[in-house]
Amino acid sequence: MRHVQTLVSLRRRLLRLSSSAISSSSSSSSSSSSPRLLHLAIAGASRSSSHAPIPTTTASAVGPQLRHRAIFRRSLILQTLPDPVRIEKLSDSDSGIVELKLERPEAKNAIGKEMLNGLRRALDVIDGDSSANVVLISSSVPRVFCAGADLKERRLMNTSEVRLFVNSLRSTFSSFEALSIPTIAVIEGAALGGGLELVLSCDLRICGENATFSLPETGLAIIPGAGGTQRLPRIVGRSVAKELIFTGRRFDAIEALSMGLVNYCVPAGEAYQKALQIAREINQKL
1423 MRHVQTLVSL RRRLLRLSSS AISSSSSSSS SSSSPRLLHL AIAGASRSSS
1473 HAPIPTTTAS AVGPQLRHRA IFRRSLILQT LPDPVRIEKL SDSDSGIVEL
1523 KLERPEAKNA IGKEMLNGLR RALDVIDGDS SANVVLISSS VPRVFCAGAD
1573 LKERRLMNTS EVRLFVNSLR STFSSFEALS IPTIAVIEGA ALGGGLELVL
1623 SCDLRICGEN ATFSLPETGL AIIPGAGGTQ RLPRIVGRSV AKELIFTGRR
1673 FDAIEALSMG LVNYCVPAGE AYQKALQIAR EINQKL
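If you want our numbering, it's the position in the sequence shown, counting the first as 1, plus 1422.
Source of the hints: derived by calculation from the structure; they are not laboratory data.
Check each hint, because a few of them may be wrong.
Distance condition first, Cα-Cα at most 30 Å in a straight line; then the derived DSSO-like pairs of lysine-lysine [unchecked claim]:
#1 Lys-1574 <-> Lys-1523
#2 Lys-1707 <-> Lys-1530
#3 Lys-1530 <-> Lys-1574
#4 Lys-1707 <-> Lys-1574
#5 Lys-1696 <-> Lys-1707
#6 Lys-1530 <-> Lys-1696
#7 Lys-1696 <-> Lys-1574
#8 Lys-1664 <-> Lys-1530
All chains should be modelled from the sequences, with the hints used to inform the complete structure.
Shown next, in the form of structure tokens:
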């Protein structure tokens, strides 16, 4: 019965949200052909006050952020604190390209408080860097982009903590979507639940043939809470989005390409190179 009630609630929500999302998307799509101008129009007012970290019990999340410059291949590491999100700024001819790498291998990049705070810190760094032109978001963990929310951590939260976490997750992904520079998701392996919702908040999506996708929340009698019910219909259409959300089924890279969820599907292990190629093309124009 609980699952049925969830689906009924979800259907009503989709009817409201997807129609408003599509209408807002169509009105904004004609604003400009320039990526930077388009993103500035979407971003609107400054969101500097929206990035206060959510409460956490670990000292590393509340300590001062260190910005130590170090050479790493062809890039500069902008953050050296232990963090599940690594920030790198490429150098030389790739100056202007920023990389965010998800690095929580023990939990398959599941999004908990530390991961969420890392994403918010990364947003602040990017937002304050006037030399940044394009962002790549990828995973350093083999065969997985992001497994979704950290359900083990969530089971230890009370109701108010869960609500605060979900609201913070939603606002963080909305901030990614509203960044004033283009964002490209690089997907190798699984992008599930909140991982797929992070992918949907990016402007472009490049995946390897080994990628899989799903919004499995309805199987847990919950609703995707980080914007997936709004962004998925906008990208793939309302009918396809409803089927994927109602069933929560997993689908592969080829199907993702056919429905327009991803821009390119390349052989496994080559998604980063394709994304970097596109980032370079964008970077040269800005």
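### Query
What hints, given by number in increasing order, does this structure fail?
The structure breaks hints 2, 4 and 7; every other hint is satisfied.
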